[in-house]
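Q: Sequence:
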Amino acid sequence: MQENSFLLTNRHLRDLNPVIAGTHDCDPGYGIQPAIRKYTLIHFVFRGKGTLFARGDAYPVQAGQAFVIRRDEIANYRADEKDPWYYCWVGFQGTAAAKIVESIGFTSQTPVLSFKDGAGIEKKIMDMLGSLSLTLDG
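Mapping of the sequence shown onto my numbering: position 33 corresponds to residue 1263, and the numbering continues sequentially without gaps.
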């Protein structure tokens, strides 16, 4: 298992303020306990699969999909036992956060979406992470 977490400098931006980002190559069955976050969190899954548990439902997620956990929402997620996932995440807050999530296509009934350009998304996130100097983990 390898995780790299980056706490982003809080610039106190009103509309959209990125606060955390990272990557995680999970061990089989690795899971995040239920938690309430003070920011919106989007995960992009590039390899493997797992399950998001939110809103009282279980949502299967696989490579080529992204999932959202909204601010103040109780959620957890777990990597598959046989094909654990590798993902990148970005956490953000601000007055435009909900509107941005909706513009991507996420809804309260649809917290999981497919995406086309996985390599492009991963490169952009990795470029952003590579430019950061404060590493919390990894």
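In short, the hints are calculated from the structure, not lab data. A portion of the hints provided could be inaccurate.
Label pairs and their in silico Cβ distance ranges [said to hold, decoys possible]:
hint : residue 1 : residue 2 : range
1    : T1340     : I1304     : 12 to 20 Å
2    : L1246     : S1338     : 31 to 39 Å
3    : S1338     : A1265     : 15 to 23 Å
4    : Q1339     : N1306     : 29 to 37 Å
5    : A1326     : D1257     : 17 to 25 Å
6    : D1357     : L1246     : 25 to 33 Å
7    : L1246     : E1303     : 17 to 25 Å
8    : A1349     : K1279     : 13 to 21 Å
9    : E1311     : G1286     : 32 to 40 Å
10   : A1293     : G1335     : 31 to 39 Å
11   : K1279     : I1304     : 17 to 25 Å
12   : K1279     : G1335     : 27 to 35 Å
13   : T1337     : T1281     : 16 to 24 Å
Using N, Cα and C, we set each Cβ at its ideal position, and we do this for glycine too.
Q: With respect to the beta-carbon atoms only, verify the hint that D1357 and L1246 lie 25 to 33 Å apart.
A: violated (18 Å)
Q: Is the hinted range of 12 to 20 Å satisfied by the C-beta distance from T1340 to I1304?
A: Given a distance of about 18 Å, which is inside 12 to 20 Å, the answer is holds.
Q: Honestly, do T1337 and T1281 meet the 16 to 24 Å range at C-beta?
A: holds (19 Å)
Q: The hint says 17 to 25 Å between L1246 and E1303; measuring C-beta to C-beta, is that right?
A: Roughly 18 Å apart at Cβ, these two residues keep to the hinted range, so it holds.
Q: With 32 to 40 Å as the target window, see if E1311 and G1286 comply at their CB atoms.
A: Violated, since E1311 and G1286 (Cβ atoms, about 23 Å apart) do not stay within the stated range.
Q: Determine whether the Cβ-Cβ distance between L1246 and S1338 falls within the hinted range of 31 to 39 Å.
A: Since L1246 and S1338 have Cβ atoms about 20 Å apart, the given range 31 to 39 Å is violated.
Q: Holds or violated: 31 to 39 Å for the Cβ distance of A1293 and G1335?
A: violated (18 Å)
Q: Evaluate the given range 13 to 21 Å for the C-beta pair formed by A1349 and K1279.
A: holds (18 Å)
Q: Do the beta carbons of K1279 and G1335 sit within 27 to 35 Å of each other?
A: violated (20 Å)
Q: Cβ-Cβ distance between S1338 and A1265: within 15 to 23 Å?
A: Cβ of S1338 to Cβ of A1265: about 19 Å, so the range 15 to 23 Å holds.
Q: Regarding A1326 and D1257, is the given constraint of 17 to 25 Å on their beta-carbon distance met?
A: At 35 Å between Cβs, range violated.
Q: Should the hint that Q1339 and N1306 are 29 to 37 Å apart at their CB atoms be regarded as holding?
A: violated (19 Å)
Of the numbered hints listed earlier, those contradicted by the structure are 2, 4, 5, 6, 9, 10 and 12.
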